[in-house]
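S.K.: As you go down the protein sequences, you meet chains A and B in turn.
Start counting the first sequence at 1; every next residue gets the next number (our numbering).
Start counting the second sequence at 1; every next residue gets the next number (our numbering).
Under 7 Å between C-beta atoms, here's a sample of chain A residues computed to sit facing chain B:
id : residue
1  : Phe-32
2  : Pro-37
3  : Asp-54
4  : Met-61
5  : Leu-62
6  : Phe-83
7  : Thr-84
8  : Phe-149
9  : Lys-153
10 : Lys-170
11 : Leu-173
12 : Leu-180
13 : Arg-181
Part of the chain B face toward chain A, derived, beta carbon under 8 Å:
id : residue
14 : Glu-23
15 : Asp-27
16 : Ala-54
17 : Arg-59
18 : Asp-67
19 : Leu-69
20 : Pro-71
21 : Thr-82
22 : Leu-83
Straight-line alpha carbon distances no greater than 25 Å define the calculated SDA-like cross-link-like pairs of lysine to any residue that follow:
id : chain 1 : residue 1 : chain 2 : residue 2
23 : A       : Lys-146   : B       : Ala-72
24 : A       : Lys-67    : B       : Ala-85
25 : A       : Lys-170   : B       : His-19
26 : A       : Lys-170   : B       : Arg-52
27 : A       : Lys-146   : B       : Val-50
28 : A       : Lys-89    : A       : Glu-14
Keep in mind that the hints were calculated from the coordinates and are not lab data.
Cβ atoms here follow ideal geometry from the backbone N, Cα and C, with glycine treated the same way.
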Amino acid sequence: MPEPLFRPSPSFEELIVAVGTRQDRSAFAALFTHFAPRVKAYLVRTGSDSSGADELTQEVMLLVWRKAERYDPAQANAATWIFTIARNKRIDKFRRERHLDFDPEDPSLAPEPEQSPDRRLESAQEARKLSEAITTLPEEQASLLKLAFYEGKSHSIIAAEVGLPLGTVKSRLRLALARLRNYLGDDL
Amino acid sequence: MTHSMPRFPDPAAAAPAHHPAEEFLLDYAAGATSPAETLMLATHLVYCNVCRQAVHAARAVGGMLLDTLEPARMPPNMLNRTLAAIDADDAPAPPSPPSLSAFLAEHMAHKNWRRLPNGFRMRRIPTAESGREGSGRAWLFDAPPGLKVPAHRHVGDEWTMILSGVFLDGDRSYRVGDFGHRNDGEVHQPTIGAEGRCVSLIMVRDAPQYTSMVGRLAAPFVRL
Numbered sequence: 001m002p003e004p005l006f007r008p009s010p011s012f013e014e015l016i017v018a019v020g021t022r023q024d025r026s027a028f029a030a031l032f033t034h035f036a037p038r039v040k041a042y043l044v045r046t047g048s049d050s051s052g053a054d055e056l057t058q059e060v061m062l063l064v065w066r067k068a069e070r071y072d073p074a075q076a077n078a079a080t081w082i083f084t085i086a087r088n089k090r091i092d093k094f095r096r097e098r099h100l101d102f103d104p105e106d107p108s109l110a111p112e113p114e115q116s117p118d119r120r121l122e123s124a125q126e127a128r129k130l131s132e133a134i135t136t137l138p139e140e141q142a143s144l145l146k147l148a149f150y151e152g153k154s155h156s157i158i159a160a161e162v163g164l165p166l167g168t169v170k171s172r173l174r175l176a177l178a179r180l181r182n183y184l185g186d187d188l
Numbered sequence: 001m002t003h004s005m006p007r008f009p010d011p012a013a014a015a016p017a018h019h020p021a022e023e024f025l026l027d028y029a030a031g032a033t034s035p036a037e038t039l040m041l042a043t044h045l046v047y048c049n050v051c052r053q054a055v056h057a058a059r060a061v062g063g064m065l066l067d068t069l070e071p072a073r074m075p076p077n078m079l080n081r082t083l084a085a086i087d088a089d090d091a092p093a094p095p096s097p098p099s100l101s102a103f104l105a106e107h108m109a110h111k112n113w114r115r116l117p118n119g120f121r122m123r124r125i126p127t128a129e130s131g132r133e134g135s136g137r138a139w140l141f142d143a144p145p146g147l148k149v150p151a152h153r154h155v156g157d158e159w160t161m162i163l164s165g166v167f168l169d170g171d172r173s174y175r176v177g178d179f180g181h182r183n184d185g186e187v188h189q190p191t192i193g194a195e196g197r198c199v200s201l202i203m204v205r206d207a208p209q210y211t212s213m214v215g216r217l218a219a220p221f222v223r224l
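One chain only, chain A, in its complex shape (with noise of 0.2 Å):
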């Protein structure tokens, strides 16, 4: 199928694509404008200091380019896709221990359940529908999602820190979690 010569709004996901498919440098700078400040962000709150922040965003911003085609639309929207190389690179940096995690495309991997073959649009459309559904979470619930994934803390030090008993803080990320899920329905 011919490639459209000019497209106005590329989502973020084909921009993606385009840059593991013929290293296209004008969709990996349309990318990196508008993850790059956000990784940044990310970095400095999980607890790197500016100048490192910078120097980890490059470097997870490489990893985008190199890692681009591997990237499966199909798989993860993204700010998905980007999120996780963010917080590999945050796991690799800030830990000097052996950090095993097993490969996700690992073929011997139990079967997924079979896709309808327009899952790679509803993929896309994941990350709207999660936004939205954020916004209808208590606030309770959504504070403790946001200091799990913008300071990377766990559960219990979570609990720990706002002076929670640790069943309310799981039984609160259990509901959000139950509720998120629910909202994207058959995707997942």
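Position chain B relative to chain A; hints supplied.
M.R.: Same frame as chain A, now just chain B:
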């Protein structure tokens, strides 16, 4: 004694029946788990489609929150410097993380195991720097059918991931892919099912105190 190599993951295994609590999957997605916890959860995820979907949903939350963060101020020319780094960087794409099957094959074949006369063997999986509170320590256990583990009380949590065989703990049986969680302070006396050798990953956060004389005598052997 020969140790037959189980197939990892066992393609004939049913979907897991015992799962980690969702808040740990959330910690994992947020990058807030210790290396030993990550090893345990990542292993379960290889077997468990349900928990992979939960992690996927949690990661999508992370992506959405990243997308809505107030952008930080970037130094000038950062994009050009990154493009220059791309031009200078002719390294191939970074290697994928190891597969669970390769990781386990390497450890199962390793010569350096701690062996007991009853056919039980164990091997420490290096994950965390020692002495870091809460980070957890992990072992690979390979136990013969019918083995009874001495009763013990945990000071910290114990997580178990079954890789082959059956692990019986109280009224529950854990099979391939199952994730067991014993809380701080619980006493238990697991046994290995008669079906065959049971290979498992075990993570504990602190040394358990043994509740019986037999347990105390066994402690130096098990040394959990």
